[in-house]
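Trainee: What follows is the residue order along each chain.
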Amino acid sequence: MDTLPPLQTLLRLSNFGRSLYAPGYTYQPVSVEEIEQIFKTARRQGLTVGLRGAGKSYNDAALNGGGIVIDLRRMNRILDWNPETGVVRLEPGVTIQQLWQHILPDGWWPPVVSGTMTTTLGGCLAMNIHGKNNFRMGTLGEHVLEFTLLLPTGLEILCGPKKNRDLFYAAIGGLGMLGVFTTITLQMKKIRSGLLQVRAWNVPNLAAHLNALEAGAPAHDYIVGWLDATARRAGLGRGQIHTADYLTEEQDPRPQHSLRVEYQTLPSTFFGLVPKSLLHYFMAPFMNNPGTRAVNTAKYLLGLTARSYRQTHAAFHFLLDYIPDWELAYGRNGLIQYQSFLPKETARDAWTEMLTLSHRRGLPSYLGVTKRHRPDEFLLSHAVDGFSLALDFKVTDRKRARLAQLLQDFDRIVLEAGGRFYFAKNSETTPQTARHFLGQEAMAKFKALKKRCDPHNLLESDLYRRVFEEDE
Amino acid sequence: MPKNALSLPPRSTPLKPRRRALVIGASSGIGAALARQLAREGYALALLARRQDMLETLCKEINAASGESRAVFYVHDVREYAAVPALLQRILADLGSLDLVVYNAGVNLPAAYDFENDRLMTEVNFIGALAWLDRVAALFQQLRSGQIVGISSVAGDRGRAGNPAYTASKAALTCYLEALRNRLSRYGVHVLTVKPGFVQTDMLKQAQRPFMVISPEQAAADICKALRRRKQFLYTPARWGLIMLIIRLIPSFLFRRLRFLA
Ligand SMILES: Cc1cc2nc3c(=O)[nH]c(=O)nc-3n(C[C@H](O)[C@H](O)[C@H](O)COP(=O)(O)OP(=O)(O)OC[C@H]3O[C@@H](n4cnc5c(N)ncnc54)[C@H](O)[C@@H]3O)c2cc1C
Ligand SMILES: NC(=O)c1ccc[n+]([C@@H]2O[C@H](COP(=O)([O-])OP(=O)(O)OC[C@H]3O[C@@H](n4cnc5c(N)ncnc54)[C@H](OP(=O)(O)O)[C@@H]3O)[C@@H](O)[C@H]2O)c1
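Residue numbers (the numbering used here), protein chains in the order written: chain A, 1 to 472; chain B, 1001 to 1262.
Don't read these hints as lab results, they were simulated from the structure.
Computed spacing ranges between beta-carbons, pair by pair:
hint	chain 1	residue 1	chain 2	residue 2	range
1	A	R165	B	D1077	52 to 62 Å
2	A	T3	B	E1080	15 to 25 Å
3	B	I1246	A	F286	49 to 59 Å
4	B	E1080	A	L145	48 to 58 Å
5	B	Y1187	A	K40	27 to 37 Å
6	A	K40	B	P1210	51 to 61 Å
7	A	Q432	B	M1212	49 to 59 Å
8	B	D1077	A	T9	24 to 34 Å
9	A	S31	B	A1086	27 to 37 Å
10	B	S1185	A	A284	22 to 32 Å
11	B	E1080	A	T9	17 to 27 Å
12	A	R74	B	A1179	33 to 43 Å
Listed below are the simulated PhoX-like cross-link pairs for lysine-lysine, each with C-alpha atoms no more than 25 Å apart in a straight line:
hint	chain 1	residue 1	chain 2	residue 2
13	A	K162	A	K445
14	A	K399	B	K1225
15	A	K40	A	K447
16	B	K1016	A	K399
If you're wondering where the values come from, they're calculated on a predicted model, not measured in any experiment. By construction, the Cβ of each residue, glycine as well, lies at the ideal position given by its N, Cα and C atoms.
Work out the full structure, taking the sequences as your base and the hints as a guide.
Mentor: Quick look at the structure:
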């Protein structure tokens, strides 16, 4: 007779946006053997197992309400680093921050990073994250040389682009539903300087915005847009484009200096005055329709003259980490993000319709971010040859039902325009929507692989239940 | 423990949050009415009792009315104390979380100095409540949230000649619930003690001279309102509050002479 997981291990876990909570019996293993033990316990207890990295997904991906949650953050050793070849082998709980700080002094940088450095590589691979260089470098999965995947059955499988190919292309972006990444081997990118040359300029409307992304991408290493989602009519889709380019050794005469970790570190006060940790209190009063419109307008006007400056890699990529816990500014009910990926041919019309709809219903997004993308080969891919637009929304009791309706209408518009979605972000995607954009075939293939890797259906998450488990 | 055969209710999303309740003693009367009412308010439900056919019918009715899977059931006798921890774990896993637990199971058997009857009443009305609510209290304390409802009775406010063991079991339950409230309020956990008067259910057959009888639906509506307002005590119907205030003040030597009350 096995004992029940003790209640003391039951933690109230949340999504990144603190708009969703679910209790899970949380274990923090440090070895593969411990993970195997947890799977055995789960099976005996009739409980399911969800995997969790840093819990930075915006939705229910890293939640498994009432079940076991394996928090992998303590498996965080960098096992092997070769500064000659730029190949790194690491455990899944290593964060992007740990990784760049380890390799930067040798002149390397992760080829793909998320907008926060607090994420783990296991979590990033399970979602197959993209960066502001997706159009050039693809997703993180494209830089994986190999990984070992521990199946719930206890089997460990080595996968690479040519080894167990099917599993390789399905487990990357596989939402942690096929097995646990236990070691990951990645190729890093050589850089000559710790600085980037950044250019910023305004774009007056959506057409100009998308043109700038498309035209700018081939000429730059990184490109990203801020979209003022509160602007209407002629200004609809206006915003600011940022590009960044690596520097050559000639352009940075003191690379040994800029490649130091201390040089990259983000400042601990804002404008030298307000401690960063308190900043979200100052943001909270602006988190409403008029407040955001005022802030966005000010930001747009300040950006009217184009600028060019140098910035560290950390400062350019992890702008959001400048303000710790900024998600708290969204208040008691937290925030959600809705990210849609559209082919370049249909993006403009679809987003015009969506933004207009959000204004008409009095539900503007408070933050919009655009990127340029390219397709990839992964089974549950979110990528397109086109653009993405990520919209943040504040959740309030009063607006909940209307927001749900708005996002449902968004889904319809995006699907009709041939678009896709990202499972790290959207919290309301239905099984019908997922089947529509992934296609019946990809979905069936994924489920067949899941049956093979996880015959007892031990791996589950609230996301997987929501999107993949209809009428079973 | 095997997974539930009915399809499980959907989980919460940020825009479609869903409260989840466990009703112990849900197959008939107040418990069944409360289950229907909670389902109408959007709750996902785990329903417990011994009579499987009644639970099954109730779940089907609730799920048909709400157009989705909203209720699942578990056959359980509250005197199977040892089964409680595993069953609670199962329910938590099936619903994804728990926000509300109602202990409603109760029996009222004829009082005839019959130890077996008296023990049964004590076990169902009180010991079963300990078995469940001790565990639930630990869970909610750990989660720093949750609401507990105990269905006690006006009968528990005084020791009454009519049915000593029944009134004693309800008095014990009332006292236990108050103690839980005092322990749990600092953790943000809310405890509501419900004291119905006479409710038109099977149990009413045991009552000698029922008056001010209300429907189980009325009782359920009152309970839901008290839950939203996070009240500590509820007399349903409310008039019993005044009546019991007076009755509690009557000195014992007098009370036992008032045949119609005692
Ligand atoms: C501020 C912010 C900015 C972001 N910017 C970007 C961005 O620019 N681009 C982008 O693509 N995403 C971005 N994201 C999303 C984020 O990168 C992903 O959600 C990522 O998966 C989070 O990693 P995590 O370690 O927190 O994983 P979690 O959120 O904890 O988990 C994510 C998934 O990984 C699974 N998982 C975790 N560890 C393992 C493992 N070892 N083996 C198998 N499966 C595992 C989990 O089950 C879950 O399904 C951003 C998020 C935030 C909060
Ligand atoms: N009716 C009144 O006037 C009145 C007044 C004051 C207080 N109350 C209290 O209200 C509560 C509900 O009673 P009711 O009037 O609705 O009567 P009821 O219809 O008889 O309901 C009693 C419920 O308790 C369940 N139950 C009984 N024994 C059980 C056991 N051993 N294990 C599991 N479940 C058990 C029953 O289900 P199964 O039989 O299927 O197991 C049923 O669902 C009781 O606690 C009662 O004391 C009622």
